[in-house]
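Chemist: Sequence:
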Amino acid sequence: MVTTTSLGVNTQEETRRALLAYVDALTLAEPLQARLWQLAHVTLTQLMLLRRLREGSQSAGALAHSLGLSPTSVTRLVDRLEQHGLVERHRSVDDRRCVEIRLEPKGERLLGEVKVMRGTDVHRAVESMTAEERRRLTAALRHLVERTRALSAQAGRRA
48 MVTTTSLGVN
58 TQEETRRALL
68 AYVDALTLAE
78 PLQARLWQLA
88 HVTLTQLMLL
98 RRLREGSQSA
108 GALAHSLGLS
118 PTSVTRLVDR
128 LEQHGLVERH
138 RSVDDRRCVE
148 IRLEPKGERL
158 LGEVKVMRGT
168 DVHRAVESMT
178 AEERRRLTAA
188 LRHLVERTRA
198 LSAQAGRRA
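Start counting the sequence shown at 48; every next residue gets the next number (my numbering).
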């Protein structure tokens, strides 16, 4: 069934346009990823994980949930980051089954040094937007991330 919005636009067509715009936006990350790898030999996903740990130590499960990744993926990410001395696993004294991942000083330094967005075309484009445009962009992107993660979690519960 095809539905139409109040502006007379087909909902499927709007969805298609939104997804194509999203794919276009994703391509903007490629140069950032290359720059990040040159500067620090970490991926954008690893950087996201380090940023989450800056807020405080967390279990792999909590990190997986907050990043929208599988626990297995987070375990692999933590393995790599631990090999580079950026994070460390700590077992709980009370319950040895509980393992928290903590940001190490080297990881904290890396976060302070890596300014992968500064000076890029994306940075300049966002900077050139009005304050209202930046607020709308931020809200729309956060909403997309939250909705996607919620739907993924819902699908995981059904499986």
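I should point out that these hints are in silico values taken from the structure, not numbers from a laboratory.
Incorrect hints may appear among the rest.
[To be verified] Taking CB as the label site, the calculated pair distances span: (1) R101 with A197: 37 to 43 Å; (2) L86 with D141: 38 to 44 Å; (3) E61 with R127: 19 to 25 Å; (4) L91 with S199: 26 to 32 Å; (5) S113 with R64: 25 to 31 Å; (6) L191 with E135: 30 to 36 Å; (7) H190 with R101: 19 to 25 Å; (8) R136 with A65: 24 to 30 Å; (9) R101 with E61: 22 to 28 Å.
We put the beta carbon where it would ideally sit given N, CA and C, even for glycine.
Chemist: Does 38 to 44 Å hold as the CB distance between L86 and D141, or does it fail?
Modeler: holds (39 Å)
Chemist: How does the Cβ-Cβ distance of R136 and A65 compare with 24 to 30 Å: does it lie in that range?
Modeler: At roughly 39 Å between Cβ atoms, A65 and R136 fall outside 24 to 30 Å, so the hint is violated.
Chemist: May I ask you to test the hint 19 to 25 Å on the CB atoms belonging to H190 and R101?
Modeler: holds (23 Å)
Chemist: Given the range 25 to 31 Å, decide if the beta-carbon distance of S113 to R64 lies inside it.
Modeler: At roughly 30 Å between Cβ atoms, R64 and S113 fall inside 25 to 31 Å, so the hint holds.
Chemist: Assuming the hint says 26 to 32 Å, is it satisfied by the Cβ distance from L91 to S199 or not?
Modeler: For L91 and S199 the Cβ distance comes to about 18 Å; the hint is violated.
Chemist: Taking the beta carbons of E61 and R127, is their distance inside 19 to 25 Å?
Modeler: violated (39 Å)
Chemist: Quick one: are R101 and A197 within 37 to 43 Å, going by C-beta?
Modeler: 24 Å Cβ-Cβ, so the 37 to 43 Å window is violated.
Chemist: Verify the CB-CB distance for L191 and E135 against the hinted window 30 to 36 Å.
Modeler: holds (33 Å)
Chemist: Return holds or violated for the Cβ distance of R101 and E61 against the range 22 to 28 Å.
Modeler: For R101 and E61 the Cβ distance comes to about 37 Å; the hint is violated.
Violation of the numbered hints given earlier is confined to hints 1, 3, 4, 8, 9; the remaining hints are satisfied by the structure.
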